[in-house]
Amino acid sequence: MLLSKGIYSGIMLLEVLLVLGTLLIYFLFSKKKEETLPFKDGWWGRGQKPLTKEDSSIRPFKVETTEEELSDLFRRLDQARFTEPLENSCFHYGTNSVHLRKIVSYWKNQFNWKKQVEILNKYPQFKTKIQGLDIHFVHVKPPRLPEGRAAKPLLMVHGWPGSFYEFYKIIPLLTDPASHGLGDEHIFEVICPSIPGYGFSEAPHKKDFNSVSAASVFYELMLRLGFNEFYIQGGDWGWLICTNLAQIAPNHVKGLHLNMVSVSKLGLTHLLSVLLGQYFPGLFGFQDEDVRRMFPFLKKGLYRILSESGYAHIQATKPDTAGCGLNDSPVGLAAYILEKFSSWTDIEFQNLEDGGLERKFSLDDLLTNIMIYWVSGCIVSSMRFYKENLQKGIGTQKHEKLTVQVPTGIASFPNEILHIPQAWAKKKYTNIVSFHFMPRGGHFAAFEEPELLAKDILQFVDKVEKEQLWKKKGE
Amino acid sequence: MDDVAGAVPEKRHRGRESRRGDTGTVSSLGAAARQARADMWRDVLPNAWESILSRIRSFEYSQKNAVLVPAAALGVGGMLLYWLRSGHKIKTIDMGDGWWGPGERPLKGKEDASIRPFKIETSDKEIEDLHQRLDRFRFTPHVEGAAFHYGFNSTYLRKVVAYWRNQFDWRKQVEVLNKYPHFHTTIEGIDIHFIHVKPSYVPHGRAVRPLLLVHGWPGSFYEFYKIIPLLTEPAKHGLNEGDVVFEVICPSIPGYGFSEAPHQKEFDSIATARIFHKLMNRLGFREYYIQGGDWGSRITTNMAQMLPQSVKGLHLNLVFIARQSLGRLICIMLGAYVPWLVGFTREDVRRFYPYMQKNVYDLLRESGYMHIQATKPDTAGCGLNDSPVGLAAYILEKFSTWTDKSFLRQDDGGLESKYSLDELLTNVMIYWVTSSIVPSMRYYKENFSKDPDLSAHNRVGVYVPTGIAAFPQEIAHVPRVWAKDVYKNIITYSYMPRGGHFAAFEEPKLLAQDIMQFVQKVEQL
Chain B
1 MLLSKGIYSG IMLLEVLLVL GTLLIYFLFS KKKEETLPFK DGWWGRGQKP
51 LTKEDSSIRP FKVETTEEEL SDLFRRLDQA RFTEPLENSC FHYGTNSVHL
101 RKIVSYWKNQ FNWKKQVEIL NKYPQFKTKI QGLDIHFVHV KPPRLPEGRA
151 AKPLLMVHGW PGSFYEFYKI IPLLTDPASH GLGDEHIFEV ICPSIPGYGF
201 SEAPHKKDFN SVSAASVFYE LMLRLGFNEF YIQGGDWGWL ICTNLAQIAP
251 NHVKGLHLNM VSVSKLGLTH LLSVLLGQYF PGLFGFQDED VRRMFPFLKK
301 GLYRILSESG YAHIQATKPD TAGCGLNDSP VGLAAYILEK FSSWTDIEFQ
351 NLEDGGLERK FSLDDLLTNI MIYWVSGCIV SSMRFYKENL QKGIGTQKHE
401 KLTVQVPTGI ASFPNEILHI PQAWAKKKYT NIVSFHFMPR GGHFAAFEEP
451 ELLAKDILQF VDKVEKEQLW KKKGE
Chain Y
1 MDDVAGAVPE KRHRGRESRR GDTGTVSSLG AAARQARADM WRDVLPNAWE
51 SILSRIRSFE YSQKNAVLVP AAALGVGGML LYWLRSGHKI KTIDMGDGWW
101 GPGERPLKGK EDASIRPFKI ETSDKEIEDL HQRLDRFRFT PHVEGAAFHY
151 GFNSTYLRKV VAYWRNQFDW RKQVEVLNKY PHFHTTIEGI DIHFIHVKPS
201 YVPHGRAVRP LLLVHGWPGS FYEFYKIIPL LTEPAKHGLN EGDVVFEVIC
251 PSIPGYGFSE APHQKEFDSI ATARIFHKLM NRLGFREYYI QGGDWGSRIT
301 TNMAQMLPQS VKGLHLNLVF IARQSLGRLI CIMLGAYVPW LVGFTREDVR
351 RFYPYMQKNV YDLLRESGYM HIQATKPDTA GCGLNDSPVG LAAYILEKFS
401 TWTDKSFLRQ DDGGLESKYS LDELLTNVMI YWVTSSIVPS MRYYKENFSK
451 DPDLSAHNRV GVYVPTGIAA FPQEIAHVPR VWAKDVYKNI ITYSYMPRGG
501 HFAAFEEPKL LAQDIMQFVQ KVEQL
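In order, the protein sequence lines correspond to chains B and Y.
Number 385 in our numbering belongs to position 385 of the first sequence; there are no gaps in the numbering.
Number 349 in our numbering belongs to position 349 of the second sequence; there are no gaps in the numbering.
Keep in mind that the hints were calculated from the coordinates and are not lab data.
There could be a bad hint or two in this list.
Pairs of lysine-lysine, DSBU-like flavour, derived with a Cα cap of 35 Å [stated by the list, open to error]:
{"hint": "1", "chain 1": "Y", "residue 1": "K358", "chain 2": "B", "residue 2": "K401"}
{"hint": "2", "chain 1": "Y", "residue 1": "K125", "chain 2": "B", "residue 2": "K299"}
{"hint": "3", "chain 1": "B", "residue 1": "K207", "chain 2": "Y", "residue 2": "K159"}
{"hint": "4", "chain 1": "Y", "residue 1": "K450", "chain 2": "B", "residue 2": "K299"}
{"hint": "5", "chain 1": "Y", "residue 1": "K358", "chain 2": "B", "residue 2": "K102"}
{"hint": "6", "chain 1": "Y", "residue 1": "K119", "chain 2": "B", "residue 2": "K299"}
{"hint": "7", "chain 1": "Y", "residue 1": "K159", "chain 2": "B", "residue 2": "K392"}
{"hint": "8", "chain 1": "Y", "residue 1": "K405", "chain 2": "B", "residue 2": "K108"}
{"hint": "9", "chain 1": "Y", "residue 1": "K405", "chain 2": "B", "residue 2": "K392"}
{"hint": "10", "chain 1": "B", "residue 1": "K53", "chain 2": "B", "residue 2": "K40"}
{"hint": "11", "chain 1": "Y", "residue 1": "K450", "chain 2": "B", "residue 2": "K102"}
{"hint": "12", "chain 1": "Y", "residue 1": "K450", "chain 2": "B", "residue 2": "K398"}
{"hint": "13", "chain 1": "Y", "residue 1": "K125", "chain 2": "B", "residue 2": "K401"}
{"hint": "14", "chain 1": "B", "residue 1": "K265", "chain 2": "Y", "residue 2": "K125"}
{"hint": "15", "chain 1": "B", "residue 1": "K102", "chain 2": "Y", "residue 2": "K509"}
{"hint": "16", "chain 1": "B", "residue 1": "K108", "chain 2": "Y", "residue 2": "K125"}
{"hint": "17", "chain 1": "B", "residue 1": "K206", "chain 2": "Y", "residue 2": "K119"}
{"hint": "18", "chain 1": "Y", "residue 1": "K405", "chain 2": "B", "residue 2": "K206"}
{"hint": "19", "chain 1": "Y", "residue 1": "K179", "chain 2": "Y", "residue 2": "K108"}
Using C-beta positions, here's what the derived DEER-type ranges look like [to be verified]:
{"hint": "20", "chain 1": "Y", "residue 1": "M333", "chain 2": "B", "residue 2": "V16", "range": "31 to 39 Å"}
{"hint": "21", "chain 1": "B", "residue 1": "E68", "chain 2": "Y", "residue 2": "S455", "range": "50 to 58 Å"}
{"hint": "22", "chain 1": "B", "residue 1": "N109", "chain 2": "Y", "residue 2": "H184", "range": "54 to 62 Å"}
{"hint": "23", "chain 1": "B", "residue 1": "N88", "chain 2": "Y", "residue 2": "D124", "range": "37 to 45 Å"}
{"hint": "24", "chain 1": "B", "residue 1": "I394", "chain 2": "Y", "residue 2": "S114", "range": "38 to 46 Å"}
All C-beta atoms in this analysis are idealised placements derived from N, C-alpha and C, irrespective of residue type, glycine included.
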């Protein structure tokens with residue numbers, strides 16, 4: 001009897017050890033690695049990499065236009081062929097061509113590209129060659145700096161279908177906050193590059209230029225400009241590029257601020273929280289606002305993704321086909337881009353005959369962004385970025401498996417396409433210093449709500465700086 | 001006890017006769033019987049069988065017949081009746097009605113049912129405008145080594161544009177298009193375009209059968225121009241497939257080519273099927289054969305489900321399968337190892353596996369256009385209606401990849417290995433001169449938003465005789481055993497030796513032969 005009891009407890013112990021051992025192994029191997037992402041060097045120019053050293057000079061750049069460029073544009077606008085929309089379709093089938101006609105009429109008769117070019121040139125722009133490509137960037141230093149103070153370098157990265165121009169309203173709030181009633185504790189010098197393949201940055205000539213490549217190029221840019229420590233901010237592709245940059249060079253990135261977050265590794269917890277999160281929000285770490293923004297999940301999550309991601313699907317598979325006609329028809333280009341400025345600012349705008357476009361943006365601003373795509377002819381290369389990032393599938397890349405330890409600040413805008421709660425974000429961003437629900441605004445945060453975004457960036461930087469000071473004091 | 005036991009079987013075989021009369025006695029007998037039965041089953045059962053047998057044995061031979069024959073006749077009759085009734089329980093899709101013209105449907109007046117001859121025309125202005133747009137096309141260089149992996153290769157596109165600008169003769173192509181008689185007729189408020197080709201000479205003793213051919217996207221009625229002569233005059237082309245000769249009707253789907261685009265929302269394949277039935281009716285046909293691929297497959301299937309009595313036979317070169325189920329999933333997993341167990345043939349296996357690659361990855365890679373067209377057609381088509389080169393790149397990319405998947409690796413997309421530039425550009429021109437690219441894309445939204453996996457009518461099934469031609473380079477392969485789930489009456493299922501999605505355009509002779517073979521079999525039924 002005793003012997004059998006002994007055997008029995010022995011078996012029990014073995015079982016417990018086995019379970020513990022498995023759990024241990026599971027946690028050890030499933031825990032997201034904290035290693036850094038390797039810097040991705042490359043050569044993206046035409047043909048073979050030359051043996052001579054690359055020219056690393058920084059050359060001033062000015063946007064220019066010609067009469068020929070304008071008359072070609074006007075001829076195309078004049079000869080545009082429109083298709084009548086279905087009765088009562090508003091923006092449900094895409095950009096409504098009746099409203100598009102009005103925009104084209106404005107474009108032809110009132111929009112002044114020459115004046116807009118002067119506006120674009122009000123901030124100093126430069127070009128420099130990195131990894132074989134001419135990288136364009138805006139570099140704005142503060143107009144005045146109080147005695148003994150240094151400006152904090154801030155890299156801001158745009159997305160698709162945006163451009164460096166999206167930051168033109170927020171730049172003064174960051175380089176000269178005092179003049180805009182935002183207090184002058186933190187003053188920035190802002191660097192806004194164009195992603196290679198977008199705007200005035202050269203497009204890669206080789207395959208495989210993805211977000212890690214862009215992050216590496218921008219890292220080199222910041223080093224070349226003489227910055228050893230800097231802040232980075234981004235949304236849309238800017239979110240991913242800045243995330244990658246924080247993973248490549250965590251010792252150089254003082255803080256990472258995002259106005260958009262996405263998750264690519266979805267597991268059982270995510271599934272459960274989608275099914276039950278509405279009823280037991282506390283259990284999954286959801287706040288009331290999270291529940292309000294995410295549920296009903298089918299409508300706000302699944303259907304929204306399906307109905308809004310057609311463009312991403314075709315751009316991730318056949319970018320050269322998708323962009324071909326758009327580089328030839330400015331009206332087609334405008335329709336394609338404006339549709340996003342409508343539904344990504346507020347999904348309900350689809351129910352309006354004018355797509356709600358002028359509620360949050362001026363036609364001049366919208367058309368200037370489109371003109372950047374038109375005059376640089378970059379729509380096709382901008383679409384290729386989707387293929388280079390997504391062609392192997394979502395959740396398969398190395399950087400998607402790594403976490404971010406750099407202090408992170410997230411500004412969560414209510415009309416963003418998808419809401420990601422802090423509970424999910426913190427699995428990837430392990431050092432979230434601030435996470436705020438913004439009161440209004442959509443995907444194009446810097447363009448639409450520059451003041452709200454600037455305030456959030458400032459309070460985030462404030463927190464990071466104070467923590468660092470505290471750390472330094474403690475040493 | 002013996003009496004009670006005897007009484008029950010007697011009542012059993014007298015039950016039918018007594019039911020009609022004497023309800024009073026029957027009901028009281030019933031009550032008594034029920035009571036008796038309760039006790040009886042306990043005691044009598046072992047004895048009941050013996051007693052029945054002895055009763056039967058005790059009958060005289062003639063008496064046995066008198067009882068057994070009517071009983072048997074009734075039994076067989078009952079079964080026959082049930083079988084016949086269930087056979088006729090074919091569900092059909094409701095025909096319904098529709099109005100697609102602008103504004104409200106007019107209350108008064110009957111619709112103009114005239115059939116008006118129509119000729120395609122062009123003008124100097126149209127050609128001049130096209131040339132100007134071709135001249136000012138803005139081209140984007142592709143990345144090194146792109147071939148057709150990023151979509152249409154822009155270096156090759158330049159060559160196509162040069163041909164289009166300098167050698168392609170649209171006036172000549174318009175004459176080619178006009179060689180068959182075209183017509184317009186108004187149905188449900190919109191002008192329906194179709195060509196109607198009758199055999200010029202019918203040999204003695206041959207029947208002429210009407211055949212409706214329906215195109216898809218990004219095709220048109222023009223895809224059938226090479227197969228039409230093989231169907232209207234088979235003997236001349238060395239196709240002596242029996243006694244049948246066809247008169248062919250090829251309409252344009254509303255919103256495509258020279259058919260007016262619907263002005264109202266929700267114009268889907270059901271509405272198209274109904275309109276095409278009305279068209280055939282107006283042309284005087286009561287029974288006809290129908291054939292289709294791509295959207296044509298969907299529309300003709302709906303036609304067969306809507307009015308099976310009018311469809312003599314349905315022939316398809318593409319099958320849409322219904323939603324995946326657990327059973328299907330198991331089929332897929334087992335089929336790779338024990339295909340015979342799940343009804344797959346060797347050729348099925350060859351075409352179907354590796355499953356993930358051919359049915360998931362390939363489909364994801366090729367369905368971007370479908371996704372954007374099913375959600376934002378007006379945006380997707382806007383630029384294409386304004387840039388003929390953009391339109392050509394978009395359409396011709398499909399003619400490359402859907403003809404042969406390996407063409408992705410070629411710098412020129414293998415286009416001219418199967419088609420001539422004249423044919424390809426004529427099809428593109430049809431979309432260009434009619435400005436129909438946007439309405440053609442809306443068709444995706446109208447169909448997919450109501451029915452995301454195109455399975456709403458699968459339970460209705462298809463009972464008309466069906467013939468399936470399975471081409472090897474079709475985008476996805478559907479084995480016969482799966483097609484049977486919807487198409488209950490497959491007469492022929494052929495593995496074609498070569499060819500892809502645009503079967504009529506690429507392999508007209510193979511397709512014609514299969515159609516004729518199928519119709520032969522149906523005629524003999």
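Against the earlier hints, flag every one the structure doesn't satisfy and list their numbers going up.
Checked against the structure, the hints that fail are numbers 2, 5, 6, 8, 12, 13, 14, 15, 17, 19, 22 and 24, while the rest are satisfied.
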